[in-house]
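S.K.: So in numbering that gives the first Met the number 0, spot 103 of the sequence shown is number 102, and the numbers just go up one at a time.
Please note that a few of the clues may not be correct.
Unchecked claim - In silico DSS-like links for lysine-lysine, alpha-carbon gap of 27 Å or less: (1) Lys62 <-> Lys94; (2) Lys68 <-> Lys58; (3) Lys94 <-> Lys68.
As the list claims (entries may be wrong) - Pairwise CB distance ranges (calculated): (4) Pro91 <-> Gln228: 24 to 30 Å; (5) Ser222 <-> Gln49: 16 to 22 Å; (6) Gln114 <-> Gly164: 17 to 23 Å; (7) Arg238 <-> Ala175: 17 to 23 Å.
It is worth saying that the hints were derived from the structure and are not from the lab. Built from N, CA and C at the ideal position, the CB exists for glycine as well.
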Amino acid sequence: MSVGQPTMGEHEDPARRIDEGAGVEANQGQTPRLSGQTDFLARLSAADAQDLRLAGQRKLFAKNEFIFKAGDPGRHVYFLQQGRVKICQPGPEGKDVILWFCFAGDMFGMAEVAQGGGRVVHAQACEACEVLVLSQTELTAYLQTHSAAALLIMQVLAGRLRALGDVIVNLMNDDAQTRIIKLILRLATRHGVRVDQDIHLDVQLTHQEIADMVGTTRQTVTSVLSQLQRQGLMRLENRRIRIESMELLDGMTNPT
């Protein structure tokens, strides 16, 4: 689950947006994956991706291990190759606030590398992770000879900034049910896999993680998801969401 994509337009067909706007990524013989705009590695050319791998170092992190913590020097940028990482803002009372999740293909840790200074967030592995790590010097040298990758980084960061802006607006204006539905729709554009008429979210999230992302309680998330299942809009299988009607789900966030 990264977790932040722009919400869908009021009159936009969500299924059409996934097919045409997000693109399709698949290897021969695999189910097509609907690739969203924060998947940096999937959008690089094969040659640029290979050069990036050669420029960095591969590191492995165990489940719950911190990749970096708030206050650490911001000297490296990270490209997640396998696994899931959560980006958290330390709270005043010791409770972290989940800002977003990074999934395979996502880039993180760029802000402090670009601006300088220490980390202001935590990055923690939610499961065993494989990460490509580049120092500031290595990234600069790479981008100087790979202009397409530099432009792509700008696009990804701009999209992430817009998505975070949407989250702030949603927190101010939407009720808990609407925020949860919009999160599901954002995840669908980023991690959706089309299986017949359904959209399968290839992401495992606990109810508590969803609650932390939208600013509500675990009990509220459980109640909303149960209601959506009773309405036939989605179902849950092994903590994975299966969307049965993107159109109706999107319509609940944009009533006419």
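S.K.: Look at each hint and say if it fits the structure.
M.R.: Hint check:
no., hint, result
1, Lys62 <-> Lys94, "holds (19 Å)"
2, Lys68 <-> Lys58, "holds (16 Å)"
3, Lys94 <-> Lys68, "holds (14 Å)"
4, Pro91 <-> Gln228: 24 to 30 Å, "violated (36 Å)"
5, Ser222 <-> Gln49: 16 to 22 Å, "violated (48 Å)"
6, Gln114 <-> Gly164: 17 to 23 Å, "holds (19 Å)"
7, Arg238 <-> Ala175: 17 to 23 Å, "holds (20 Å)"
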